[in-house]
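Novice: Residue numbers (the working numbering), protein chains in the order written: chain U, 1 to 525; chain V, 1 to 315; chain Z, 1 to 259; chain A, 1 to 676.
If you're looking for bench data, these hints aren't it; they were derived computationally from the structure. Careful, some of the hints might be misleading.
Residues from chain A that keep clear of chain V, each with C-beta distances beyond 10 Å, as calculated [to be verified]:
| # | residue |
| --- | --- |
| 1 | Trp42 |
| 2 | Leu79 |
| 3 | Phe104 |
| 4 | Ser120 |
| 5 | Ile238 |
| 6 | Val248 |
| 7 | Ala250 |
| 8 | Glu327 |
| 9 | Thr331 |
| 10 | Val412 |
| 11 | Glu637 |
| 12 | Ala642 |
| 13 | Leu646 |
| 14 | Glu652 |
Listed next, the stretches of chain Z that the computed footprint assigns to chain V, with coverage defined by at least 3 CB atoms under 8 Å from CB atoms of chain V [claimed, not checked]:
| # | segment |
| --- | --- |
| 15 | 40-48 |
| 16 | 68-75 |
| 17 | 106-119 |
On a predicted model such as this, the values are computed, not experimentally measured, just so you know. The beta-carbon is built from N, C-alpha and C at its ideal position, and this holds for glycine as well.
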Amino acid sequence: MTLELPVDLLFGLNLDLNLDLTRVMTANAIVLPVVLPLLAAFLMQPLAQVSRFLARLLGPLVLTLGAWIILNTWLEVGPAPFSVAIGGFAAPLGIVFYADQLALLFALAVQVFTLLFWPGLGAGAKSEVAADRQRAPRRDALALLLASAATGLALSGDLFNIFVFYELAAVASFGLVCADGSGRAWIATLRYLFISAFGSVLALVGIAILYLQTGTLNLAQLAQVAPETLQGPIGLAAFALLLIGFGVKAELFPLNAWVPEVYATAPARVSALLAGLVSKLAILVIVRLLILVFQQPEASQLLLVLGVLGVLTGEFSAWRAQDFPRLLAFSSIGQLGLVAIAFSIDGTTGILAGTAVALHHLIVKSALFGLANRWSGGLDALTGAAKGAPRAAGLFVLFALSLIGVPPLWGFWIKLLIMVGLVQGGSPLDLLALGAILLATAVEAHYLFRVALRLYQPPVPDRALRLAPPARWDTGVAYLLGACLVVISVAITPTTEALRVLAQQTGDVLLYIDTVFPQPLAYKE
Amino acid sequence: MDWLSAVSLDGLAAVDFRWLGLVLELILMPLIAFVVGLGLVLMLRKIAARLQRRVGPPLLQPLWDIIKLHAKETQTSHGLIHEIGIVMAIGGYVAAVTLLPVPGMNGLAAQGGLIALLYMTMIPSLGLALGVGQCANPNGSIGISRALTAMLAYDVPMVIVIFGVAFHFGSLNLVYLIAAQQAGGIATWGIVQMPLLALAGLFALQGMLGKQPFEIYVAPAEIATGPMVEMGGKFLGGLFVMQCFQLYTAGVLYVALFLGGGENWLTFLFKVFVVTAIPMTIAMVFPRYRTEDMVRLFWKWPTMIGLLGIAFVMN
Amino acid sequence: MTHIDQVPTPGAPRPVEIGVKPGTKRTNPFARVFDELVRFAQSRSLFMLHYCTGCGAVELPPAMTSRFDMERLGIQPMVSPRQADILLITGYVSVKTLKRVILTYEQMNSPKYVIGICSCTVNGGMYWQSYATAKKLNDYMPVDIYIAGCMPRPEAVIEGLRGLIENIRTGRADAWKDYYRRYDHYLGNQQRLFGADWQTPTDVIAEARHYDLFGPATLGAHTALLEQHQRPLEALEMRIEIPELMRRRSRSDQGGTAQ
Amino acid sequence: MATSPTTVVDQLLAGLHLPDGFDAVAGVIREFLDQVTNSAIWTRYGQQSLEWLIGMNPVDRLFMLSALTLLLMLLLGRLRSAGVLAVLLYGAQFAALLSTDTLFGAPLAAAVRITVADQSLHWSYDALSWFFAMITIGTGFVTAWYAAGSWMRRYREAGRSARAFHVALALNCFGMLLLVGSADLLSLFLGWELVSWASFLLMALVGGPAAQAALKYLAYAISGAMLILGAIALIYGISGSFEYDAVVAAIRSMTDAQVWTLLLLLGGGFAVKLGLLPFHLWQAAAYAEAPGAGSVFLGAISARMGLFGIIVFIVGMIGVSRLMTLEIPYTFMSSRELIAWIAALTIIVPTYTALQQHDARYLLAWHGIGQGGYMLLGLMVGDAVGSAGGLLHCFNYAITQAALLMAVFAVVHRTGTADLNQLGGLVTRMPLTFLVLLFGIISLAGLPPMAGFVSKWMVYRSLITEGMPLLFVAAVVGTLGTILSVYKLIHNIFLGQLRVEHQEVAEAPLSMLIPMLGLSALIFLAGFIPGPALSWVAQVQGQLGLPVVPWVLGGIVDPRGGLDMIWLVGILMAGFGVGALVFYGFGGRSRRVHQLDNYAGGHFLTADVHYQYSDNFYAGLMHLIGPWYRGSFRWLERSLAATLDLVSFGAEGLYRLAQPTLLMLAAAVAMLAWVL
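If we strip away everything but chain U, and leave its shape as in the complex, we get:
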């Protein structure tokens, strides 16, 4: 291969003559979706000085490129996982990216969804444009930063790196949330900041414990040594601390007090990104830790308990919510509780269910937040909105049905999967979780359809005029995501099969270790 040199120079290719060069090269390109947005984010301000137009274009371009690279890599490399050591430093010491199907899927989702909910795209209202022009470069930079960090979270193979990306994502999201500059947004951000910082401290403590116990932060290595060093209370304590730390972004129960305020005040697309995307990546991290490092029933139970509490508090609070974004925010807490419950189920079923419900929520909740862009404010104000925006209202009903889990939509099969998993687990806690899910679903159906019926009521004469239909771009995105949902619902069997393969791969600890350390390392002996 002729191209080996520049690639080598750029990314410090870990040359190994036994490997297929093309495969390695393509594999290494996976770093680009992390690096390019990062670079673009830093370039944004200077570029904006030069040309606003180019600056506006930069973000979508980079993201499209990133998505294309990931897709290309995936197609080229195939289903097997691979790892990339950055800078040429070998695994235990250097920075490792691990890309299995799960990671690739989420990395791809990051690119695509950030693109779909790109703050600058198709924001219709003219009055906002002037103010928007001032803020646009900064906001775009933050969004790119978020994309980069999120991709990094999906791919990173060591805990330290994960922590760094996590903080990067936090910073980016603080900025994005208060990008509008309203007072309420500032306060919400502050609250978010406190909670996040506190969580980070705890997570750092957890990481420290891990390091003290094992002397490494590389996940593969941790996975190797975990059965010996991390069994027992110390390991669990570390997990608990990490859970709390990463749980902040994953919207797990006691750590998500920031969620309703932030989603209610942040721009709807940012909410869509945070609720749909970033939370999933945070939980992905937790799941990786759970699978690789903390393979103990107590750890799963911890997750389960938090999940149950999240489902219950989220859905019940949503039942009382009086405005649309807040309702979605609480609902999202509930759904992430469900994700946590799903991942706490043993074995492939759990991973399968968890991944499915995470993806499902990603699609549905992002779209709903997109619709909420113009529908923010009290629920009363939504009366008769279907008259002005029949398509948006129809999409809302579709997503609501899937969220509730009405067959034959995808949501149903996921819920069924979780329930079957819980029943097969069979412990009292599992059955409790089952009951909680059922209860929460009933509550969920009620509040979602309270909104739906409100949409379809005859409009109140003077209010209806003020209520603008969702922007065309948002509706378009919702259409696209709705179509995805329908397609998946129809092609439920292949989708489930694909996810099962993915889940098996994710759950295979040995595969992870073998991928990161192709040859057994000397020092291990």
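Starting from the known structure of chain U, fit chains V, Z and A onto it as the hints suggest.
Specialist: Only chains V, Z and A this time, still in chain U's reference frame:
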């Protein structure tokens, strides 16, 4: 042709002539019921008169009343339903009495048992209620509302009684019930076997006949005879006919349930007249109960007695 | 005590034609027997509606209860005009009351009989000079029997009733037909008392037509006055008007006329 | 022999026995068809489709037609002629159902089969499915007809979407066909949810109070569905499969505690839909407020899906005999008695609630809840006659309630109100509608000679022979309450004084009358000759493993008290004949007088005085039982909602804490304490 052969002599030989007897029974039974009913009406009026130290009406007074009413030269109708109501009131009872076995005649008792009879007797009431409704007089509607409430009151002990008897003899078939009672003389009569139920049944009978103290639904001085307020001429005459059937049905039903039915016409009629005389005698010494008091009374005492009776029957 | 023969007769002498409608020919050999039976039944079963406005009412309870017991004669009280054969008016009739009495009378089913008890019904009695009392009852409705007295004793009442029974049995008690035949006369008297806009919800003229009781003096100036200010009450006949069918019918009618 | 249009036509012509002259015509047709069949397009597509249609599995054909109805309504529902098209399509569905021959024949599985994630969903029609599908499609057919003409025109004029209505109706039918044909737990749940949401759609169509009622329904329905889903998950946990065979085996191996759990979950879930007692509050408003024709469909059959579930699971799989062995701890009752008593209370309470209603739609809807109790009661008695009565009542009740609601909505169509205090005297203006309502109420009250009598008689009889006095009394008390309230219904609408504003009211439009009259005739026929319906029921019983009722054409044969409706109805008609003879044959001519020519104690009536008794119709009874209406269930519902609200308030409070980090700290400490 096929159908011709079916009517040939071979076929004729196979024809069962019992159906002729049945037709005869079906014609005779309502006729007898009507005549006996006239006698019962007369007896009731006579009892009332005697208790008030009056002479009372002459022998054929019930008949004269009916003839006079039908012979009225102007007949005030309030519409088709008004008329059909009366037709249903008479017709329902004409049908119902064929379900009541009398000595020598079983009629259709085997084709519909006790429950069918019970519900068949509601058809006349429904017809009457419809007719009264069409009269467009609120007095009549109030009367019907009270009558239906009264039915709700007395039917509860009534069905308890019916359950008890049917369960005791293990059948809903009146023919079977009577045969079972007659099998062992008086000792196997319902009244001996189930005295409590018989008592509850007597209570129910009082309500069923709408005699004092349970005649709130006619209440002449208050709602101008309620259902009958707009009934004149042959409309009222139809109701008089219906009353004959009603008395007969109630009396015969009670006799069939508790007094072993009729061995022969003499004892049968004697029992029927005695049974029907009891409510009338009681009636004359009572004033009138209000609707809710009536319901309360029926749901309390006869119901409790009846349930106690069932408890005995089922053990 | 008033004797049967002294019953005041309004208008012309009445022809005796009981049970046989004019123009109908009875071919049934048992017709006469049947008519006898009906007349007998009518005379032996009298339901009585008492319109007790004055002091005369106190003499009725003894006539009904154990001492004299009307039920022996087949007479018993009833409460609504539809059920009654006899309208018993005991005592003075004020103008206001008279309206109700007339309505009640018109609502009764024929054959129907009116008995005026006490002098007040005959000539106003002690209220002769009252501006608010109707003096002669038979000006406003045909009266079959007056039982005079102030007040007549129960024996007199019973005797009067027996007289009525006798009249019915022999077919002479048909004053009620006079109300139909000479409705204009009675209506005129009523109008003079109550004013020109007097009307009752009953439709006497239509009834007279329906039952072949229409007479030469049924209509007249007074009925014309009645019809002038009153839209006649149509009987609410049952009708089946299915819009689609009616539309089709009317269309075909139009089509017919076009051709 | 390969099927082609030519052969089909040949067979048709052969069947017609045409005279010789037609041979030439037939030849022309045959020639034309031959040309068609020899064309390339035909051989490529046409032949295949034809063979596919003819050779199709009958159950698939049924599903396909139902789906086609849905699709066509979705596409063409806006057209004016969509109503007629719908009627034809439902008719075709009915024909397709009859062609399955699963009632008397063997059960037939659909070829359609969906496999999802290792689980396969499949459908199969047997006698029970046939029975329920027959009622469903029949109801759909008459409802569509009822809605096809004038009703829909008015509906459109009110600015409502005809397409939405047609789609909702078609979706309901489709969902029910899937549900009753379900052959495993997943397809059952799929059908269940489809039916639930389709009903929701139909209820919520007109907005306003209907939407509120629909939302309440949704809260109940989804809770019920979740109970069922929980039960399904539990069964799967034990059996490891969703197939019915495995389920039956699993239930047989379950402990009593497990069966109890299952019973509570499934029973609760199905009870919600059926409107059994503590879960009945949603139904009346939801069914009554739905658009007229929709209300007819919902009222007639929708709630019976709950009964279907109970029949399949509790009667069919668990079995009444198993129920009898399940004792309630510390009492003398078995679970069967518990259910029977719930059924009895379901008869009584809603029936007497109906008595208090002054809106005709609500009155009937409340009765709908009560009548469900009879069906369940009959099934719980479990003997041949009782269970047959319960099943038969499904059919009888469906035709009765459909006719009743149609009549009431015809009145609403003409007068604009269903308020029983605003109507009266309409019998002279809408006599045929009156007749329909009359037949309906006689049947609903369970009086001879109508259909309702037969099924109720069977339930009573089984209660007597099985020795259940209190339940019997409860059932009769329910019937008496029904008689009271249906009289009030017919009286306040059709009898009494006609109001001035209704002087010019015309009879219901023909498009609405025809299905109404057809149903009335059916009600009478099913009472006169209950044999056919009993034969269906007997098949269902046989399939469910219940004792089979000894039916004949006229009813039931039993020396200890049978029922022969042919005789009874015959003698009743003869009696009416005699009555008519007595009434019309003897005595003078009658004359119709005006309604104001009426006894009022000498008072002069005028049109501006409402001389009508309608409000608080059973005043005397209400003096006594009025205080018994405490609204306990509403109170229960409200307290539950308040509790939920409180819980939510608490949950929401966690998210409002001023110091969220304290909560985190507490959580961290708690978790660490737990792990250490």
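Novice: Any hints from earlier that this structure breaks? Give me their numbers in increasing order, please.
Specialist: none
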